[in-house]
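Protein chains in written order, with this note's numbering: chain U, 1 to 238; chain W, 1001 to 1131.
Honestly, the hints are just simulated from the structure, not real lab data.
Each hint should be verified, as a subset may be incorrect.
Some but not every residue of chain U turned toward chain W, in silico, with C-beta under 7 angstroms [said to hold, decoys possible]:
1) VAL23
2) VAL30
3) VAL100
4) ARG234
Just so it is clear, CB atoms sit at the ideal spot from N, CA and C, and this is done for glycine as well.
Residues per chain, in single letters:
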Amino acid sequence: MQIAKRIGILLGVLTLCGCGNAVTRVSIPVKVQSEIDITRYSNFAVLPFISEKQIERNEKLPPEIGEEIASILRRGLARQKHFEVVSTQETARLLTGETVEEDWLSNTKHLSEFGEYFEVKAVIIGSFRFYADSRPRRYYGERYSVQRQRYVLDYQDYMQKTYLLSLRVMIVDVETEEVVWDESYRRSTAEAHTIGSFIFSQVGPQANTIRELGRRAVSEFTRQISPHYENEDRYLVN
Amino acid sequence: MLRYSQLASIAILLCIILCGCAGFGDVTRTEAYNRFAIKAAQAQLWNEAVFRWKQVVSIDPEDAKAHNNLGVAYEALGNMEEAIASYQRAAELEPNNKYYRLNYRRCRIHLRRSGGDDEDAPQLEEPLPTE
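Only chain U is shown next, with the shape it has when bound in the complex (with noise of 0.2 angstroms):
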């Protein structure tokens, strides 16, 4: 009766096992449609971008920061084949005399009024905040101890110096005055400093540094308006 019973339980895993279909996960590409109304908002200006003042780090930063970002942007929407964007040197020509403030953000009116002068469907504007937090670290690894023989347990303290951008991009509709986006994007980067090169680093340019994390900031919003592809995930049963 036992040896049944054991028999019965090892045909009834060995028919599941049978059973169960081999599936191969793959990746294939899939067409993402872009997130906002690309037919309406084909053509666009982009106005420099603004540093919001509250942020004691950003006084300190070069004033044509935001015009830089504002130009990257400009000339990643330009790559895509849907957009058209006023360029930079017409946007200059066309803000002769103007200065973009902080206000601007909450005067939608102001920047239809705008839109309209440039001709175009919708503005973009937004604002960044750039800071560094710096915290002492210390690294643990192993050294080879000449005294004792062997490896040893040893540590190293450094600077940890962490950089972030929080940029704010906004599209106003020209012809209603909505805002129909309004998103923010967290870009960081660390480095690692000694004593030394932490003093120097506390004074020397930083404008690379936002340059590239600005980039990074406005490829990401430039992807999401954009029709493009992304992989995902399907199942081929072997």
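With chain U fixed as given, assemble chain W onto it according to the hints.
Chain W alone, transformed into the frame defined by chain U:
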């Protein structure tokens, strides 16, 4: 010395293993095509994979896995109508297979997002199987 019951168990196990080995040697043509097509798909050679799975379907039109795999290949190539038709056929043939339903559902979600979904297509609205 081995007991009679233990000997019997070993004998049965050997029989099962030998039966399995015999079956393995007799791999059908469709299975060989399917395996080859999967390798082609993994190498992103989707046209080759479609060609093989079409052959499987022509040999055995009731082969649900070939229809499912063909659906995946069509979707990878951007032939969404054919992909949907293949997934539907696979789901009709084996309604309880979670992978067919999962592929079909993902394809439908993707199609709906891109605005090309057919409203009359059958809905598979049950919860997704856990992977």
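Now the hints, each set against the structure:
Against a cut-off of 7 angstroms between C-beta atoms, the interface hint on U/VAL23 holds, since the closest Cβ of chain W lies about 6 angstroms away. For U/VAL30, the interface hint holds, since its Cβ comes within 7 angstroms of a Cβ in chain W; the closest pair sits about 5 angstroms apart. For U/VAL100, the suggested interface contact is broken, since its CB lies about 35 angstroms from the closest CB of chain W, more than 7 angstroms. Hint on U/ARG234 holds. Least Cβ distance to chain W is approximately 4 angstroms, under the 7 angstroms limit.
Checked against the numbered hints given earlier, the structure breaks only hint 3 and satisfies all the rest.
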